[in-house]
Amino acid sequence: MTAGQWFRLEWKVGSSGTQTLNIYLGANLPSTTPTETITAPMATGLIDYLEWGPMSNPVSPTTHDVIFDEIMVRSDAYPGPLISQYVWNGA
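Residue 1 is where the sequence shown starts when you use this note's numbering, and the numbers rise one by one after that.
Since the hints were made in silico from the structure, they are not lab data.
The reader is advised that the hints may include incorrect statements.
[What the hints assert, rightly or not] Simulated DEER-style distance windows between Cβ atoms:
1) G53 x K12: 12 to 22 Å
2) A43 x G90: 40 to 50 Å
3) T39 x P79: 33 to 43 Å
4) D48 x G26: 15 to 25 Å
5) T2 x I38: 15 to 25 Å
6) T20 x V59: 42 to 52 Å
7) G90 x L21: 26 to 36 Å
8) G4 x D76: 32 to 42 Å
9) S31 x P61: 17 to 27 Å
10) T39 x N89: 16 to 26 Å
11) I47 x N89: 21 to 31 Å
12) I38 x G90: 15 to 25 Å
Glycine included, C-beta positions come from ideal geometry on N, C-alpha and C.
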């Protein structure tokens with residue numbers, strides 16, 4: 001990923017102790033085919049909450065802008081690509 005590039009992340013935590021992260025970039029952004037898929041074991045117990053946003057006191061702070069858009073949580077399937085969009089022209 002490069003600075004200024006839009007991307008989509010879909011993260012799934014399975015009941016079998018695994019987690020999968022699908023990364024969508026460029027032409028794959030509006031598709032169901034991920035640019036990259038990462039699978040790893042999940043070594044913790046139940047997830048009882050999620051947090052989005054920058055850390056309030058990171059060990060190694062950096063200067064960056066982060067924009068979150070269209071956050072979705074589902075328990076039955078991956079959210080999938082945006083079906084339609086409206087771009088506001090500021091008027």
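Here's how the hints hold up against the structure:
1. G53 x K12: 12 to 22 Å: holds, 21 Å
2. A43 x G90: 40 to 50 Å: Check passed, 46 Å falls within 40 to 50 Å.
3. T39 x P79: 33 to 43 Å: At roughly 18 Å between Cβ atoms, P79 and T39 fall outside 33 to 43 Å, so the hint is violated.
4. D48 x G26: 15 to 25 Å: violated, 35 Å
5. T2 x I38: 15 to 25 Å: With a Cβ separation near 18 Å, T2 and I38 satisfy 15 to 25 Å, so the hint holds.
6. T20 x V59: 42 to 52 Å: The hinted range 42 to 52 Å is violated for T20 and V59, with Cβ atoms some 27 Å apart.
7. G90 x L21: 26 to 36 Å: Because 34 Å falls inside the window, the suggested range holds.
8. G4 x D76: 32 to 42 Å: The hinted range 32 to 42 Å holds for G4 and D76, with Cβ atoms some 33 Å apart.
9. S31 x P61: 17 to 27 Å: With Cβ atoms ~35 Å apart, the hint is violated.
10. T39 x N89: 16 to 26 Å: Given about 41 Å between the Cβ atoms, the range is violated.
11. I47 x N89: 21 to 31 Å: Given a distance of about 40 Å, which is not inside 21 to 31 Å, the answer is violated.
12. I38 x G90: 15 to 25 Å: At 37 Å between Cβs, range violated.
Going through the hint list in order, the structure does not satisfy hints 3, 4, 6, 9, 10, 11, 12.
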